[in-house]
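Student: Chain by chain, the residues run as shown.
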Amino acid sequence: MRLAEICSSPVFTAYPEQPLAVAAREMRAREVGALVVVAQGVEPQRPLGILTDRDILRGQVYQLADLHCLTVREVMTAHPLCIHADEEITEAIMTLASRGVRRAPVIDGSGALVGIVTLDDLLPLIAEQLKELACTAAPHRAATGDANESRPPVHPRSRDSQRRRAGE
Amino acid sequence: MTVNAGAQVSDAARLMCEEHVGALVVTAALAENPVPIGMLTDRDIVCAQLDRTVDFGQLRVADVMTSDPLVLNEETSVEQAIHQLRSRRVRRAPVIDPAGKLVGVLSLDDLLSHLGRSVQALARTAQLRSHPHQAEWHDRRGRVPRQG
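Heads up: the sequence lines are chains A and B, in that order.
For what it's worth, this note's numbering labels the leading residue of the first sequence as 1, then goes sequentially.
For what it's worth, this note's numbering labels the leading residue of the second sequence as 1, then goes sequentially.
To be clear, the hints were calculated from the coordinates, so they are not data collected in a lab.
If you're wondering where the values come from, they're calculated on a predicted model, not measured in any experiment.
Idealized CB from N, CA, C, for every residue including glycine.
Any given hint could turn out to be false.
[Said to hold, decoys possible] With the C-beta cut set under 8 angstroms, the calculated list includes, among others, these residues of chain A facing chain B:
hint : residue
1    : A21
2    : A24
3    : R25
4    : V32
5    : V42
6    : E43
7    : R46
8    : R54
9    : R58
10   : L70
11   : L122
12   : L125
13   : E128
14   : Q129
[As the list claims (entries may be wrong)] To be clear about the criterion: a stretch of chain B counts as covered by chain A if any three or more of its residues have a C-beta under 8 angstroms from a C-beta of chain A, and this derived list gives those stretches:
hint : stretch
15   : 3 to 15
16   : 36 to 46
17   : 68 to 79
Please put together the full structure from these sequences, using the hints given.
Tutor: Here is the structure:
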């Protein structure tokens, strides 16, 4: 599965000259943990930076400044890691891991912003794949859906599995 | 990582930045046996400033923390912990021992790592059973630890 199919879009954005308090209000209103920073009025939009709650706090602490006295440019993380929309999910996870970041703007072949992807978006996909794998490996468990519910008679192969668990 | 409820928010923010953490457990002023009474996140601090006209330097942790946090017991199972975090819609919770003493914080990231290690162990075991020679080769290269 490609990133283009799962990334969040449209993306909530801020621009560098924007007052930080305005951007922070936008984050709160949209209930998001990050905004992608793009140049104001320029199309197509290209990621210039990313702004998180952590960036805001760090900016305030190190610049000893009030939230209402700062602009987005002064605290954003510039030159963010961007991931190509054609990347496969596992590739994208490795890319995020290599930079140690939880989220990244997603861009198309021309560098235009098309979405944002976060670890929280990727986890359910991996969980779903693991669930599919589990259902394939142990279909009788998948059929009951709950380990505490009554199960069908133990299949010879399952007995073998149980022996392996208990004995080997 | 803890902060006292009476501490200044600016000091808590500095601590969070220096320690690279997004949240602190807020404790009551009982130094010898800290009791969790709240959680303070970077989001709490940012939002508090949007709502108030008070200077950042004058805010106290107790003014902006999230009170009445979910508190987990260290004997809580992984399944129960996930269930409780989900039902309270929080990403982390302080953990106490049976005597009520704060012993740590459990986050969704910790649980993901824990489950990831289990999945990795399953995969390693399956590989050892299916391709023992390949697994042994990996072992010699130091990529897969020997099992028992």
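Student: None of the hints should be skipped; say for each whether it holds.
Tutor: Taking the hints in turn, this is what the structure says about them:
1. Interface restraint check for A21 of chain A: the shortest CB-CB distance to chain B comes to about 6 angstroms, inside 8 angstroms, so the restraint holds.
2. Because the smallest distance between the Cβ of A24 of chain A and any Cβ of chain B comes to about 5 angstroms, under 8 angstroms, the interface hint for this residue holds.
3. Checking R25 of chain A against chain B by beta carbon gives a least distance of about 6 angstroms; that is within 8 angstroms, so the hint holds.
4. For V32 of chain A, the interface hint is violated, since its Cβ never comes within 8 angstroms of a Cβ in chain B; the closest pair sits about 11 angstroms apart.
5. Below 8 angstroms, beta-carbon pairs count as interface contacts, and V42 of chain A has none with chain B, the closest being about 27 angstroms; its hint is therefore violated.
6. The closest approach between the C-beta of E43 of chain A and any C-beta of chain B is roughly 30 angstroms, which is over the 8 angstroms cut-off, so the hint fails.
7. This hint is violated: R46 of chain A has a C-beta 26 angstroms from the nearest C-beta of chain B, more than the 8 angstroms allowed.
8. Because the beta carbon of R54 of chain A sits about 5 angstroms from the nearest beta carbon in chain B, less than 8 angstroms, this interface hint is met.
9. The interface hint given for R58 of chain A is met, as the beta carbon of that residue sits about 5 angstroms from the closest beta carbon of chain B, less than 8 angstroms.
10. With a cut of 8 angstroms, the hint placing L70 of chain A at the interface with chain B is violated, because the nearest CB-to-CB distance is about 11 angstroms.
11. Hint on L122 of chain A is violated. Least Cβ distance to chain B is approximately 11 angstroms, over the 8 angstroms limit.
12. With a least beta-carbon distance of about 14 angstroms to chain B, the hint placing L125 of chain A at the interface is violated under the 8 angstroms criterion.
13. Below 8 angstroms, beta-carbon pairs count as interface contacts, and E128 of chain A has none with chain B, the closest being about 14 angstroms; its hint is therefore violated.
14. Of the supplied interface hints, the one on Q129 of chain A is violated, with its beta-carbon coming no nearer than about 11 angstroms to a beta-carbon of chain B, more than 8 angstroms.
15. Taking a C-beta to C-beta cut-off of 8 angstroms, the stretch 3 to 15 of chain B contributes 3 residues in contact with chain A, enough for the three needed, and the coverage statement holds.
16. For a cut-off of 8 angstroms, the count of residues in the stretch 36 to 46 of chain B with a CB near a CB of chain A stands at 5, and the three-residue condition holds.
17. Only residues whose beta carbon comes within less than 8 angstroms of a beta carbon in chain A count, and the stretch 68 to 79 of chain B has 0; fewer than three means the coverage is violated.
Hint violations for this structure: numbers 4, 5, 6, 7, 10, 11, 12, 13, 14 and 17, all remaining hints satisfied.
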